[in-house]
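Novice: Note that the protein sequences, when read in sequence, are chains A and B.
Each residue of the first sequence is one higher than the one before, starting from 1 at the first, in the working numbering.
Each residue of the second sequence is one higher than the one before, starting from 1 at the first, in the working numbering.
Rather than coming from a laboratory, the hints here were simulated on the basis of the structure.
A couple of the hints might just be wrong.
Because identical chains cannot be distinguished in the list, a pair is counted as satisfied if it fits within a single copy or across any two copies.
[What the hints assert, rightly or not] Computed list of lysine-lysine pairs in DSS-like fashion (alpha-carbon distance at most 27 angstroms, straight line):
id : residue 1 : residue 2
1  : 85        : 52
2  : 24        : 47
3  : 24        : 52
4  : 85        : 4
5  : 85        : 24
6  : 41        : 52
7  : 85        : 9
8  : 41        : 24
9  : 47        : 9
Number of protein chains: 2
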Amino acid sequence: GDVKAGRQKALQCQTCHGLDGRSKLPEAPNLSGQVEPYLVKALQEYKTGARKNEMMSVVAPNLSDADIADLAAYYAAIEIEVVGKP
Amino acid sequence: GDVKAGRQKALQCQTCHGLDGRSKLPEAPNLSGQVEPYLVKALQEYKTGARKNEMMSVVAPNLSDADIADLAAYYAAIEIEVVGKP
């Protein structure tokens with residue numbers, strides 16, 4: 001996936017997931033630094049209907065395989081660090 | 001959910017997700033600092049079968065609602081920060 005292209009495509013994700021991958025809603029997961037193959041799988045599953053979600057099931061069918069690869073590459077490329085443990 | 005109890009219960013999750021919530025496998029998502037209601041929903045969906053995964057569909061049915069609340073509280077309580085943007 002192409003990180004720069006993914007950043008552009010992520011503009012449609014930012015209302016819920018943030019452009020930096022920090023969730024804006026209690027139902028939306030953080031995506032920053034998420035494992036890239038996991039993100040690809042999640043989007044493919046929403047696209048095919050194997051996984052369902054009110055919002056994602058509407059959005060994902062419009063994504064091409066390249067869109068999915070780019071979005072996964074972008075969000076995975078945001079570096080995160082654990083800064084505090086309970 | 002109880003964070004301390006969740007830490008104990010997370011010992012069964014650490015081979016794939018890490019005790020600090022950093023994924024050990026390309027198929028397993030990071031859980032550190034993940035949105036708590038999202039984690040509860042994910043585990044409940046794996047438990048009921050609404051969401052399917054080779055590993056999680058085996059593990060989740062053995063979790064009580066309290067287990068799920070505790071695990072979600074624990075992983076959500078690990079603080080993460082974005083340290084680098086692409």
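Novice: The structure should be examined with respect to each hint, and the outcome stated for every one.
Specialist: Hint check results:
1. In this homomeric assembly, residue 85 and residue 52 never come within 27 angstroms of each other (Cα to Cα): the closest approach is 32 angstroms inside a single copy and 29 angstroms across copies.
2. In this assembly of identical chains, the alpha carbons of residue 24 and residue 47 lie at most 27 angstroms apart whether taken from the same copy (22 angstroms) or from different copies (26 angstroms).
3. Taking the shortest Cα distances, residue 24 and residue 52 sit within 27 angstroms of each other both inside one copy (20 angstroms) and across copies (26 angstroms).
4. Within a single copy, residue 85 and residue 4 get their C-alpha atoms only as close as 32 angstroms, which misses the 27 angstroms cut-off; across copies the closest is 11 angstroms, which meets it.
5. In this homomeric assembly, residue 85 and residue 24 come within 27 angstroms of each other (Cα to Cα) both inside a single copy, at 22 angstroms, and across copies, at 18 angstroms.
6. For a Cα distance limit of 27 angstroms, the shortest separation of residue 41 from residue 52 qualifies both inside one copy, at 13 angstroms, and across copies, at 12 angstroms.
7. Only between protomers do residue 85 and residue 9 lie at most 27 angstroms apart by alpha-carbon distance; the minimum there is 16 angstroms, versus 33 angstroms within a single protomer.
8. In this assembly of identical chains, the alpha carbons of residue 41 and residue 24 lie at most 27 angstroms apart whether taken from the same copy (22 angstroms) or from different copies (17 angstroms).
9. For the homomeric pair residue 47 and residue 9, the shortest alpha-carbon distance inside one copy (16 angstroms) is at most 27 angstroms, but the shortest distance between copies (33 angstroms) is not.
In summary, the structure is inconsistent with hint 1 from the numbered list given earlier, while agreeing with all the others.
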